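Respectively, the protein sequence lines represent chains A and B. For what it's worth, my numbering labels the leading residue of the first sequence as 1477, then goes sequentially. For what it's worth, my numbering labels the leading residue of the second sequence as 142, then goes sequentially.
Quick caveat, the hints were computed from the structure, so don't treat them as lab data. All values derive from a computational prediction rather than experimental measurement. Incorrect hints may have been included.
With the C-beta cut set under 10 Å, the calculated list includes, among others, these residues of chain A facing chain B [stated by the list, open to error]:
#1 M1477
#2 I1478
#3 V1528
#4 D1530
#5 S1531
#6 K1546
#7 E1551
#8 F1577
#9 L1582
#10 R1626
#11 F1636
In the EDC-like style, the derived pairs of lysine to aspartate or glutamate whose C-alpha atoms are separated by at most 20 Å in a straight line are [unchecked claim]:
#12 A/K1703 - A/E1662
#13 A/K1584 - A/E1596
#14 B/K166 - A/E1551
#15 A/K1631 - A/D1599
#16 A/K1546 - A/E1572
#17 B/K166 - A/D1547
#18 A/K1546 - B/E359
#19 A/K1591 - B/E169
#20 B/K162 - A/D1547
#21 A/K1580 - B/E359
#22 A/K1633 - B/E159
#23 B/K354 - A/E1488
#24 A/K1631 - A/E1679
#25 B/K242 - B/E359
#26 A/K1591 - B/D261
#27 B/K166 - A/E1548
Heads up, incomplete: computed chain B residues facing chain A, CB under 10 Å, no partners named [said to hold, decoys possible]:
#28 S168
#29 R171
#30 I174
#31 T253
#32 M266
#33 I268
#34 E321
#35 D322
Cβ coordinates follow ideal geometry from the N, Cα and C atoms, glycine included.
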Amino acid sequence: MIKVKDLKKSFEDLEVLKGVNTEFEKGKTNLIIGQSGSGKTVFLKCLLGLFVPDSGTIEYNEKVYQNFTKDEKRELSTQMGMVFQGGALFDSMTVEENVMFPLKMLTKMSRPEMKRRVEEVLDRVNLVDTNNKFPSEISGGMQKRVSIARAIVNKPKYLFCDEPNSGLDPRTASVIDNLIQEITHENNITTVINTHDMNSVFEIGEKIVYLEHGVKAWEGDKDNIYKTDNKKLTDFVYASNLFQKVRIAQREGL
Amino acid sequence: MLSNYIKSIGQYFIMIYETFKRMTKTSELRRLILQELDDLIVSSLGIVVFISFFIGAVIAIQTALNFSNPFVPKSLIGFAARQSIILEFAPTFVSIIMAGKVGSYITSSIGTMRVSEQIDALEVMGINSLNYLVFPKIVAMCMFPFVIAISMFVGVIGAYFAGVYGGFLNADEFLAGLQEDFIPFQVFYAFLKSFIFAFILATVPSFHGYYMKGGSLEVGHAATTSFVWTSVIIIFMNYFITQLLLS
Chain A
1477 MIKVKDLKKS FEDLEVLKGV NTEFEKGKTN LIIGQSGSGK TVFLKCLLGL
1527 FVPDSGTIEY NEKVYQNFTK DEKRELSTQM GMVFQGGALF DSMTVEENVM
1577 FPLKMLTKMS RPEMKRRVEE VLDRVNLVDT NNKFPSEISG GMQKRVSIAR
1627 AIVNKPKYLF CDEPNSGLDP RTASVIDNLI QEITHENNIT TVINTHDMNS
1677 VFEIGEKIVY LEHGVKAWEG DKDNIYKTDN KKLTDFVYAS NLFQKVRIAQ
1727 REGL
Chain B
142 MLSNYIKSIG QYFIMIYETF KRMTKTSELR RLILQELDDL IVSSLGIVVF
192 ISFFIGAVIA IQTALNFSNP FVPKSLIGFA ARQSIILEFA PTFVSIIMAG
242 KVGSYITSSI GTMRVSEQID ALEVMGINSL NYLVFPKIVA MCMFPFVIAI
292 SMFVGVIGAY FAGVYGGFLN ADEFLAGLQE DFIPFQVFYA FLKSFIFAFI
342 LATVPSFHGY YMKGGSLEVG HAATTSFVWT SVIIIFMNYF ITQLLLS
């Protein structure tokens, strides 16, 4: 579990996070949603330790991250997996080398053990015959799968995803969403996903945190989102014509 | 403006300090160093040999054409070529050429990793990205004086060919000039400064790539800025070391 208390972060005069309080539960897909510029990525980077918050606390398993020793922080980072928006795969490495990288750097596994584990996770994300290909030689959807495989290869306790299905076609995006949810349930990990894709919200939103101008404006789950009377949230969620029609249909009980 | 420069200088030294902390796993580091040796040193040999040969040849021709006095011995062509090549051309100008080739490669490769969040990916895994990216480059560039040694040798060969086969002097005169008033300390001075330039060549472009902000356009801009600053620092350090060791 991750608990965030009164988290604030500014960049010079720009106050991005203005005191966020929330919890992310274990074994659930926790979604952070909000418009572009609402502070989602900064929030995620604070959780990952890439940005140091100005004030407030982040607790991992009831221990305040800011009070961690360097060794504890390093230990925690071995328990984290991250799927970046663009994949962030290492261009000079093959798919297999990319996925094997965390094992090489963070574990004492032998090469055959590492190879076996890489095969396992590549199989889990449904990637076949791509081991020796470079990231530039595979599609965007495949790159996302490799990125997921790299994030889960070291069996993390916390999985973070920054817009995992951006730039993907709806079918592939749905496959990626479901894959992340399945992995979360299978391994009972705490997954935090940053997204503004409403399909993801309605498909895998077991817990949803809505950020607006750096503050938490709403939280709940995908079932509650239908019933909310928070106007800004409904304006955001039902911004597209398609979702407006879905909402009308829901109201009319269709 | 001035405060930005001071801030950047401070940030550069912090980067150097951070580079030597939290070392990457030895087996991975060995692989990275070998990779950098290939990318930074071996791949530069061709251009260095080509430029050194022809610049050596031009130095010999220019010297010969400027000695019209019959009382000046022709062996001075060999002497002047040796002094120019060992003292300045090989260590300083080859370093500036390398600032263009190696420096822009370092800045753009690290800058691209920054833009595509690969550096963030390293940090999230708990890896010291500065040690992972910059340290192998510094170690690989320790071989830079060997490139300079090759440049010196090829430059002198170029001067020999242009001088002897161009009909300006005979081989014995050239070799006599080459050995005239030879001061071994000058070779030490040349290697010492090429060693310092190697450190600059590895770290200044890394700094510009690592701390760049923006997208792909800014990567190109960072590579250009890095070349300018690397050259400026090399030229300034050249003056400083020469003043310190030779004057």
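Report task. Return the status of the interface hint for A/F1636: holds when the least beta-carbon distance to chain B is below 10 Å, violated otherwise. Result -> holds, 8 Å
Regarding the hint that A/F1577 lies at the interface with chain B, is the smallest CB-CB distance below 10 Å?
With a minimum Cβ separation of about 8 Å from chain B (threshold 10 Å), the hint on A/F1577 holds.
*Restraint check, 10 Å cut-off on beta carbons, for A/L1582 near chain B*: At 7 Å from the nearest chain B Cβ, A/L1582 passes the 10 Å test, so the hint holds.
* **Per-residue hint verdict: B/R171, partner chain A, C-beta under 10 Å** => With a minimum Cβ separation of about 12 Å from chain A (threshold 10 Å), the hint on B/R171 is violated.
Margin query: What's the verdict on A/K1631 and A/E1679, does the C-alpha distance respect the 20 Å limit or exceed it?
Written below: violated, 24 Å
Are the Cα atoms of B/K354 and A/E1488 separated by 20 Å or less?
-> holds, 16 Å
Point to revise | 20 Å limit on alpha-carbon distance, applied to hinted pair B/K162 and A/D1547 | key: holds, 14 Å
Hold the hint about B/D322 up to the distance rule: shortest CB distance to chain A must be less than 10 Å.
violated, 49 Å
Agreement of hint B/M266 with chain A interface, Cβ distance less than 10 Å = Where the cut-off is 10 Å and the nearest Cβ of chain A is about 6 Å from B/M266, the hint holds.
- prompt: Holds or violated: B/S168 as interface residue toward chain A, Cβ cutoff 10 Å?
  reply: holds, 8 Å
Going straight from one Cα to the other, do B/K166 and A/E1548 come out at no more than 20 Å? holds, 19 Å
task: Against chain A, run the beta carbon of B/I268 and see if the smallest gap drops under 10 Å.
output: holds, 6 Å
The structure fails to meet hints 1, 2, 3, 4, 5, 12, 16, 18, 21, 22, 24, 26, 29, 30, 34, 35 from the earlier list, while all remaining hints are met.
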